[in-house]
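Full structure from sequences and hints, please.
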Amino acid sequence: MVNSQDVKSKLETKYLQITQKNRNNIDSWIKDAIELQSNFFKKNGDFDEIYFSMLDNYNYYSKNRIQDFLKHKLSFFDNYIFTYLKKEDARAESSSIVAPLLYEVKENGRADVYNGFTETLLKDLIRFIGDHRAWAELLEECGSPNLELDNLANEIRQTANSKNIRKYKSLNRIIIFEDFVGTGTSLVSKFLNKPEIIGYINSLKEFGIKITFLFLEISVQGEDKLQEYINQNDFTDTIDYFVPQDSTGFIGYQGDFKNLTKKLKIRDEEYSLNALVSSYLETPNNTIALFWKSNNRDWKPLFPRTNWSLLEREDDLKELEDLLDKCDFRCSPGVQLSAIKTDRKINLILLVLLNNLNNIAYAQATTIVAKILDSPCGLIHQILYALKNAGYIKLEGDFSNVKLTRLGKSTIAGVCKLPKWNDFIDENALI
1 MVNSQDVKSK LETKYLQITQ KNRNNIDSWI KDAIELQSNF FKKNGDFDEI
51 YFSMLDNYNY YSKNRIQDFL KHKLSFFDNY IFTYLKKEDA RAESSSIVAP
101 LLYEVKENGR ADVYNGFTET LLKDLIRFIG DHRAWAELLE ECGSPNLELD
151 NLANEIRQTA NSKNIRKYKS LNRIIIFEDF VGTGTSLVSK FLNKPEIIGY
201 INSLKEFGIK ITFLFLEISV QGEDKLQEYI NQNDFTDTID YFVPQDSTGF
251 IGYQGDFKNL TKKLKIRDEE YSLNALVSSY LETPNNTIAL FWKSNNRDWK
301 PLFPRTNWSL LEREDDLKEL EDLLDKCDFR CSPGVQLSAI KTDRKINLIL
351 LVLLNNLNNI AYAQATTIVA KILDSPCGLI HQILYALKNA GYIKLEGDFS
401 NVKLTRLGKS TIAGVCKLPK WNDFIDENAL I
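Using full-length UniProt numbering, the first residue of the sequence shown is number 1, and each one after it goes up by one.
Quick caveat, the hints were computed from the structure, so don't treat them as lab data. We put the beta carbon where it would ideally sit given N, CA and C, even for glycine. Check before you lean on any hint, since a few could be wrong.
[Said to hold, decoys possible] Cross-link-like lysine-lysine pairs, in silico, DSS-like; alpha carbons within 27 Å at most:
#1 Lys345 x Lys403
#2 Lys300 x Lys21
#3 Lys300 x Lys8
#4 Lys169 x Lys73
#5 Lys194 x Lys167
#6 Lys71 x Lys21
#7 Lys14 x Lys43
[Claimed, not checked] Label pairs and their in silico Cβ distance ranges:
#8 Lys262 x Thr405: 50 to 60 Å
#9 Glu141 x Asp246: 48 to 58 Å
#10 Asp32 x Val220: 29 to 39 Å
#11 Asp32 x Asp56: 22 to 32 Å
#12 Pro145 x Asp246: 51 to 61 Å
#13 Asn356 x Asp68: 31 to 41 Å
#14 Leu149 x Phe242: 37 to 47 Å
#15 Val220 x Pro376: 32 to 42 Å
#16 Tyr271 x Glu49: 19 to 29 Å
#17 Arg166 x Lys265: 48 to 58 Å
#18 Lys21 x Glu206: 41 to 51 Å
#19 Val220 x Asp56: 20 to 30 Å
This is the structure we're talking about:
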């Protein structure tokens with residue numbers, strides 16, 4: 001019989017080796033998964049060899065590995081908007097994790113980061129680029145600026161800014177990050193092949209705007225489907241894509257693991273490629289299911305598709321609302337940010353909320369604060385990174401946990417307290 005303690009130690013060591021984490025960074029649900037798996041192999045010792053063989057071949061993208069790839073590729077481009085493929089059917093907990101990664105890898109002044117739906121971005125860009133070029137033609141006809149043209153330019157700029165788009169005058173490329181492309185169904189069949197998207201890309205093509213996809217992994221099947229789409233629509237000079245040099249292309253595992261999945265009663269998805277791939281962001285359903293799916297009995301996965309610690313905590317909302325009711329913001333000048341035009345007191349309130357949420361993952365912080373302030377998540381993203389660049393907050397760890405710096409803490413000193421009665425007295429009335 002297999003010694004469960006030995007298996008547990010071996011599983012933990014292998015997990016740390018794959019993810020490049022240390023023992024202090026193992027999440028509680030991963031510890032539970034290791035415990036449950038070790039008990040399973042104690043009773044089913046015939047399966048541990050094939051399982052550890054799969055772990056030996058596992059391809060894991062850590063945050064540093066992804067950042068290195070993105071930074072390397074972005075260094076070749078100028079005047080681009082950096083975004084990720086966000087569709088209306090995207091899982092919120094997955095897409096919100098990607099946003100801080102985009103902000104962290106971009107170089108200041110070289111790109112805009114966009115966090116909205118990709119289809120909306122394409123549609124809005126066509127509008128604003130078209131409006132700007134029409135304005136430029138009017139300017140050329142007039143020969144010199146005038147008040148009417150200045151007002152028109154301001155209107156275009158303000159409307160674009162309200163849509164979180166600032167780089168439309170000199171834009172020449174849209175760079176879209178999409179971590180995994182398996183069969184190509186989600187990317188090509190369900191997105192790129194939509195008549196509206198084809199129309200948008202044709203319009204961007206006329207404007208001379210290129211679209212570059214950055215993938216971590218794309219299968220042979222997915223690449224064939226994407227290349228066929230590019231050729232059929234005459235987008236050869238408009239769409240290109242890159243993957244890391246060490247990308248494995250979703251190569252399927254060749255070992256005999258079916259008896260193990262049958263024993264666990266965990267069926268693979270129809271899109272499974274028998275791959276062994278995950279990232280710190282998520283695990284694609286092209287990966288063998290036992291690595292991301294539970295059987296709700298004696299098996300929990302090491303690389304679940306949903307990171308439960310990043311989901312919104314509803315209890316935080318009421319707690320934060322009560323906190324703000326007890327704060328006195330009147331005596332503080334607020335926080336002025338040069339990178340974004342927002343109310344000083346709103347920026348200060350944001351710092352107070354983040355301080356109370358201490359060390360919360362960026363994805364959670366964004367959604368919670370957006371609800372408290374009744375503001376779009378895109379605007380909260382911009383304020384957070386303006387606060388970071390100004391030195392008020394810092395981001396740490398795989399999931400960009402938000403912490404106030406010494407400057408941030410000193411800025412909110414004295415705000416988080418109930419006002420005194422004499423704060424309400426008008427001293428002039430006592431004269």
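Hint-by-hint comparison with the structure:
Using a Cα cut-off of 27 Å, the hinted pair Lys345 and Lys403 holds, with the two alpha carbons roughly 19 Å apart. Straight-line distance between C-alpha atoms of Lys300 and Lys21 comes to about 19 Å, which keeps the hinted pair within the 27 Å bound. For the proposed pair Lys300 and Lys8, the alpha carbon gap of about 14 Å is at most 27 Å, so the pair holds. Distance hint between Lys169 and Lys73 is fulfilled; the C-alpha atoms sit about 23 Å from each other, no more than 27 Å.
In summary, the hint linking Lys194 to Lys167 is supported, as the alpha carbons are separated by about 26 Å, within the 27 Å threshold. Straight-line distance between C-alpha atoms of Lys71 and Lys21 comes to about 22 Å, which keeps the hinted pair within the 27 Å bound. Restraint check: the Cα-Cα separation between Lys14 and Lys43 comes to about 20 Å, which is no more than 27 Å; the hinted pair holds. Judged by the Cβ atoms, the range 50 to 60 Å given for Lys262 and Thr405 holds: they are separated by roughly 53 Å.
For Glu141 and Asp246, the hinted distance range of 48 to 58 Å is satisfied, since their beta carbons lie about 54 Å from each other. Under the hint 29 to 39 Å, the C-beta atoms of Asp32 and Val220, about 36 Å apart, fit the expected range. Distance hint for Asp32 and Asp56: a CB-CB separation of about 23 Å, consistent with the stated range 22 to 32 Å. Taking the beta carbon of each, Pro145 and Asp246 are about 52 Å apart, inside 51 to 61 Å as hinted.
Hint check: Asn356 to Asp68, Cβ distance near 34 Å, so the stated range 31 to 41 Å holds. For the pair Leu149 and Phe242, the beta carbons lie near 40 Å from each other, so the given range of 37 to 47 Å is met. Distance hint for Val220 and Pro376: a CB-CB separation of about 39 Å, consistent with the stated range 32 to 42 Å. The hinted range of 19 to 29 Å is satisfied by Tyr271 and Glu49, whose Cβ atoms lie roughly 28 Å apart.
In this structure the hint that Arg166 and Lys265 lie 48 to 58 Å apart at CB holds, the actual value being about 52 Å. Distance hint check: the CB atoms of Lys21 and Glu206 are about 48 Å apart, consistent with the given range 41 to 51 Å. The hint said 20 to 30 Å for the Cβ distance between Val220 and Asp56, and at roughly 23 Å that hint holds.
In summary, this structure violates none of the numbered hints.
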